[in-house]
Amino acid sequence: MSTVATSQIKLTPEHARPRASVRSRLQDALPKIVLAPSFAITIIFVYGFILWTIYLSFTNSKTFPSYVITGSRAYRRLWGWTFDTDPPSSWYTSITNMGIFGFLYIFICLALGLFLAILLDQKIRGEGVLRPIYLYPMALSFIVTGVAWKWFLDPGLGLEQTLHQWGWTSFHFDWIKNKDFVIYTVVIAGVWQASGFIMAMFLAGLRGIDGEIMKAAQIDGATTFQLYRRIVIPLLRPIFLSAFIVLAHLAIKSYDLVVALTSGGPGGSAWLPSNFMYEYTFKRNEMAVGSASAVIMLMTIVAIIVPYLYSELREKPR
Amino acid sequence: MLRKLLIGTALASGFAFAAHAEDVKEVQMLHWWTSGGEAAALNVLKQDLAKEGYAWKDVPVAGGGGDPAMVALKAMVAAGNPPTASQMLGYTALDYAAAGKMGDITAIAVKEGWDKVVPAALQKFTVYDGKWVAVPVNVHSVNWLWINKAVMDKIGGTEPKTFDDLIALLDKAKAAGVIPLALGGQNWQEATMFDSVVLSTGGPEFYKKAFNDLDDASLKSDTMKKSFDNLAKLVTYVDPNFSGRDWNLATAMVIKGDALVQVMGDWAKGEFHAANKTPGTDFLCYRFPGTDGSVVYNSDVFGMFDVSDDRKAAQAALATATLSKSFQAAFNVVKGSVPARTDVPDTDFDACGKKGIADLKAANEKGTLFGSLAQGYGAPPAIANAYKDVVTKFVHGQIKTSDEAVTELVKAIDDAK
Chain U
1 MSTVATSQIK LTPEHARPRA SVRSRLQDAL PKIVLAPSFA ITIIFVYGFI LWTIYLSFTN
61 SKTFPSYVIT GSRAYRRLWG WTFDTDPPSS WYTSITNMGI FGFLYIFICL ALGLFLAILL
121 DQKIRGEGVL RPIYLYPMAL SFIVTGVAWK WFLDPGLGLE QTLHQWGWTS FHFDWIKNKD
181 FVIYTVVIAG VWQASGFIMA MFLAGLRGID GEIMKAAQID GATTFQLYRR IVIPLLRPIF
241 LSAFIVLAHL AIKSYDLVVA LTSGGPGGSA WLPSNFMYEY TFKRNEMAVG SASAVIMLMT
301 IVAIIVPYLY SELREKPR
Chain B
1 MLRKLLIGTA LASGFAFAAH AEDVKEVQML HWWTSGGEAA ALNVLKQDLA KEGYAWKDVP
61 VAGGGGDPAM VALKAMVAAG NPPTASQMLG YTALDYAAAG KMGDITAIAV KEGWDKVVPA
121 ALQKFTVYDG KWVAVPVNVH SVNWLWINKA VMDKIGGTEP KTFDDLIALL DKAKAAGVIP
181 LALGGQNWQE ATMFDSVVLS TGGPEFYKKA FNDLDDASLK SDTMKKSFDN LAKLVTYVDP
241 NFSGRDWNLA TAMVIKGDAL VQVMGDWAKG EFHAANKTPG TDFLCYRFPG TDGSVVYNSD
301 VFGMFDVSDD RKAAQAALAT ATLSKSFQAA FNVVKGSVPA RTDVPDTDFD ACGKKGIADL
361 KAANEKGTLF GSLAQGYGAP PAIANAYKDV VTKFVHGQIK TSDEAVTELV KAIDDAK
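In the order they appear, the protein sequences are chains U and B. The first sequence runs 1 to 318 under the UniProt record's numbering. The second sequence runs 1 to 417 under the UniProt record's numbering.
Honestly, the hints are just simulated from the structure, not real lab data. For each residue, glycine too, the CB sits at the ideal point set by N, CA and C. One thing to keep in mind: the hints can contain errors.
What follows is a set of in silico ranges between Cβ atoms, one per label pair, in the way DEER data are often shown [unchecked claim]: (1) B/L249 / U/H172: 18 to 24 Å; (2) U/K32 / B/L249: 53 to 59 Å; (3) U/W79 / B/D258: 43 to 49 Å; (4) B/D129 / U/V246: 51 to 57 Å; (5) U/I44 / B/D129: 33 to 39 Å; (6) B/D306 / U/N60: 23 to 29 Å; (7) U/V22 / B/A79: 40 to 46 Å; (8) U/R237 / B/A79: 45 to 51 Å; (9) U/Q165 / B/D171: 27 to 33 Å; (10) U/P65 / B/A358: 43 to 49 Å.
Non-contacting residues of chain B with respect to chain U, defined by C-beta distances greater than 10 Å in every case (computed) [as the list claims (entries may be wrong)]: (11) M152; (12) G177; (13) T392.
Covered stretches of chain U (in silico footprint by chain B; criterion: 3 or more residues with CB under 8 Å from a CB of chain B, positions within the stretch not fixed) [what the hints assert, rightly or not]: (14) 82–95; (15) 150–161; (16) 188–198; (17) 235–241; (18) 282–289.
Chain U extracted, bound-state conformation (with noise of 0.2 Å):
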């Protein structure tokens, strides 16, 4: 191949060169052209509206945005909420559920995707077909999610009514209902939405694990439990540390489902970050504490993507 380029290169006549630079620069900057309708429009849509968000936060905007700079009275009055525990504020509420729902949510969903995955990579009989029934409810949105799990949750109507009717008249399940329980059933919800999808993210990481190490390790004497404790899941570490990120995220932004679920839960109980920020933006008129509680959403996330990148890029030079 190279050689065949060099003797074309040098056949090339001399005054055929500016027409084939013409060309050859295009089809250098073509990729930059093709992008750079897309990066602008990230840069306006995404960091321009982000630096926007950031500057309403600082105003006294309230129905429509205002240009006056008044100072960090939301941040302030936001602040202030963080420490009303008792009856607890909205912020405070929305907070608490955000750690809540992200912990057990991320944490749940990682370790029932990875108890199924491993089952499913048993080399058992009709995986092709029950890998898609776990994987199915991913391709739901969560609005659909959250209204079927709201009837089925509803003890006037789903579970707690069924099995009366069955004849199991003592069972009771109203978290739904209740304010202290609501958000685990949005926990509930979320987590039989998300740990298929996380499931197929841990197969496809066993399936890309060397067989020759797992007999090795066999062949000195390993249990199946150290097997997995000891070889496989530290093997897996790229694949929990993706999983963390899209769950993360997912729990950071989660809306819909709250609303679809619990439509905020009795006494405003099932409230997440997302949920106060729209309330306040678009419901309340108060558009700059809404665009407080968003930039602080921002930073939340930024403090869980910021170590994951730099993680990331460290260990590509090597």
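Using the hints provided, position chain B relative to the given structure of chain U.
Chain B alone, transformed into the frame defined by chain U:
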């Protein structure tokens, strides 16, 4: 593919061009009355305008309902392309007017003599800085009881005249094994009921001071505390599954006879009508005990935007037609509300509607027509929602005592001011 796209674009631009050419004879209307009775009621207005040669064009809103519509409207106005008019609630029209986006239809108002026939309390939401910027379409009132007559007869109940009567009635229903009070545990429904409780407990003067003037002393008074205690009493009569229920499902419980009574605005009547029930024989409408003679209202208005000159004639025609007696009667008979002008004959209305019209007129003359705080007619949305927060947290137990509720209410309202 490309050809299809080109044809599509050509057609779209053709339509856009045609729309511009017809602008003068067209009313562009943003609203969310798209289903059932409401849409039928609005058809009357469309026909009235068609008679005058104005075409009607709905501005579509994805998703339906008030919230997405308001977000869409914000975008349209910000882009400098407002519709001729938009359905609006509460302080929205005034907010847009303050931002200099609303038109001025004072000339029509003067010609038609609106300031004499539209209740003064209502004009607060249609007149900004001495100029008419919106036209009221209807007046809903929220201090109603809706009672299933069959259940009422079975337990031998009579119209409750005081709050204690109501409690006694609810006790009777409980003893008979019926759910006494149908309530949907969403913050606006709880707060709407609380509006009536406060009016009943403190009387008209107190309601006005606390919920329209936001007087600090009234908000932290013992009367307010008593109101919260009364609300707590009422909440003991709901079924355990009430949290998160939609208002129309609560109404359905009364219609079916599973529950005795619902405290709700008169839009609930639409549900009874849709189920072919007649007032007096199938269901009863009473004022919330202790609030007879006062009306706590909310109202839909059509806000009139500052449109280009060639669209002003159509806007004027829309405004005039909306407040015409014939449309007010025809629309409100269907909607369940009462006309926004006090000189519309009540012949076409049912018994509840007739009472509503008489009550509105009397309340307007006596000065006992008050904006509902829960519905966003007592104070701007920031405050109204802070109020709803406190009420719903009290109902669901995050706020445990009435003392705490009063403290929280004062704090929340101060914070939102």
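Check each numbered hint against the structure and report the violated ones by number, ascending. Those not satisfied are hints 13, 16 and 17.
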